[in-house]
Amino acid sequence: MANSFHGRLDDPAGEAGYAQHPPRVGFFTDTSVCIGCKACEVACKEWNGVPDDGFDLLGMSFDNTGELGANSWRHVAFVEQERPGAVSPEPVELGLPSFDLPGASGGEQTRTDFRWLMSSDVCKHCTHAGCLDVCPTGALFRTEFGSVVVQPDICNGCGYCVSGCPYGVIDRREDDGRAWKCTLCYDRLRDGLEPACAKACPTDSIQFGPLDELRERAARRVDALHEAGVAEARLYGEDPDDGVGGDGAFFLLLDEPEVYGLPPDPVVPTRFAGSMWKYAGVAASAFVAAAVSVFFGRGG
Amino acid sequence: MKEQVAVPRAEFRSYYGRPVLKPPVWEWKIPAYLFTGGLSAGAAVLGAGADLTGRPVLRTVSRLGSLGALGASMYLLVADLGRPERFLHMLRVAKPSSPMSVGTWILVAYGPGAGLAAVAELVPARWRGTPLGRLVRAAARPAGLWAATMAPGVASYTSVLLSQTAVPAWQDAHRQLPFVFTGSAAASGAGWGLVWTPVGQAGPARRLAVLGAAAEVAASKVVDQRLGVTSQAYTTGKAHRLRTWSEYLTVGGAVGAVAGRRSRVLSALSGLALLAGSALQRFGVFEAGVESTKDPRYVVAGQRERLSRER
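For the protein sequence lines, the chains are A and B, in the order given.
Residue 200 in this note's numbering sits at position 200 of the first sequence; the count goes up by one each step and never skips.
Each position in the second sequence, counted from 1, maps to that position plus 300 in this note's numbering.
Quick caveat, the hints were computed from the structure, so don't treat them as lab data.
The structure presented is a predicted model; accordingly, all values stated were derived computationally and were not measured.
All clues stand as given, with none of them false.
DSSO-like, lysine-lysine: derived pairs with alpha carbons at most 27 Å apart:
| no. | chain 1 | residue 1 | chain 2 | residue 2 |
| --- | --- | --- | --- | --- |
| 1 | B | Lys395 | A | Lys278 |
| 2 | A | Lys199 | A | Lys45 |
| 3 | B | Lys594 | B | Lys538 |
| 4 | A | Lys278 | B | Lys521 |
| 5 | B | Lys521 | B | Lys594 |
| 6 | B | Lys594 | B | Lys329 |
For each label pair, taking beta carbons as the anchor points, the in silico distance ranges come out as:
| no. | chain 1 | residue 1 | chain 2 | residue 2 | range |
| --- | --- | --- | --- | --- | --- |
| 7 | A | Asp56 | B | Val378 | 27 to 37 Å |
| 8 | B | Leu435 | A | Pro240 | 56 to 66 Å |
| 9 | B | Gly354 | A | Gly14 | 57 to 67 Å |
| 10 | B | Val522 | A | Asp191 | 52 to 62 Å |
| 11 | A | Glu80 | B | Trp328 | 32 to 42 Å |
Some residues of chain B that are not near chain A, with every Cβ distance over 12 Å (derived):
| no. | residue |
| --- | --- |
| 12 | Tyr375 |
| 13 | Glu421 |
| 14 | Val423 |
| 15 | Thr430 |
| 16 | Pro442 |
| 17 | Gly537 |
A virtual CB, placed ideally from N, CA and C, is assigned to each residue, including glycine.
Assemble the whole structure, with the sequences as input and the hints as a guide.
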């Protein structure tokens, strides 16, 4: 069976061998309406029985989860920043009685256009998934929905997927030894339900559905934001021609991806496999040539 | 943002300076395996050559070294799993897209040959006349040759194993790592031979030491200089210290191997230096990879560098 390791691929489930399968589904996470409530993190843990990842106060923002991992399948990033390139608004006299309100006594001049960015991160369920490509046991597989799932009864904890993921999503659980990540609620999908995080999201920042529909909806949303003057709105991971063939879970962001802890231009490592084996082949041939030649020398 | 002020050497933004990627979960056992696997392969080709050219001592020590290093490799690989009792799950599938699966099957093919060749060296004198003893000794040469044909795969696949990851220092060095690793494998196999073989039979080991060391050091220099932001993962910190010592020991071992062609002591010391140099090289490359995942600079600045090149 032919296998394409990179580039555009419209039907990953069909490519994986499902003759008939439901449409590919995924997430569109519109971070412009995320309020950072973390209901998605909680719903995910509850539904999937994901263990506690410790009570750490990271001391950097309202984010104390820090990153995605074996025990965090949703992670709400929380960025506090001065809006890049924005101009401070002129203070407006409202004619109201003036008390000592916070910032009222000579504060207007020093006020800056400060903003909060919130974004619920998740496994991207890549079209070309680095974790799936490198898994040596077949524990990771492509589902009929086009998502990527680990089978815990097969995984032997080799850890290769952890280094194969260009987004730093999947990780090995320390006390368990196996790799874990978001399953796109595979069990719920099979029962016709939407994933727990999307169900719990109170602002519809996390939208679940067929990927084609989500892409159209996202394109309309980014246009609407641009018209409303939010020039920095952009989509991340929706392009089927990007380094991973497009994400099953993509995002609308309000700043550069790296500000949210996302790689700016992720590429599936398998893309370079042909070139890598070619160089290894040349090196192996040189090894043979050297080993043979040393027995033809003089002396010893 | 604050971290931009704190890290002025490369312009990049990040999420509070936190890593983008997960560091490899592999610990010291994997770089140790990279060394023992390479040593086993290097010794296997020397053993086969010594067998064909009538150098019995070099043949014996190489075959035994090859099996010993393979045994250590198997232990290290199984012990590093999160679920060691499931190591046989590696044999469920054969997956060309996974270098670890490819490597598993290379080792499956290589192991019996290396094993049989070494076992033949261990047959006690009083059993050599028995039918089984004769069979094992007759099978030793084809087994050793079979192992030698698989050895280049054993020595080189580990470079793809590391490179086909999202780890910037390993992926970006995918053109050089195969030469670093096969050179290091040849140098260590030769080093093993020099330690145990009298000078009269050590000629091939001496020459292989020089060729292996030259390839390893030359490819390492390219890694240090030509990989843009990524080179810094190799030229700073712990990785740099390990690889600097590796270079001293490898070059010193190669020079000693040539200079000591009449001195048993100098030959053996050179062999030890080559072995240590090879091991430190593997730990150095491993460390560079780990560091390149912990500092978001390598991911963010590296990918931005690539994007600006493509534009």
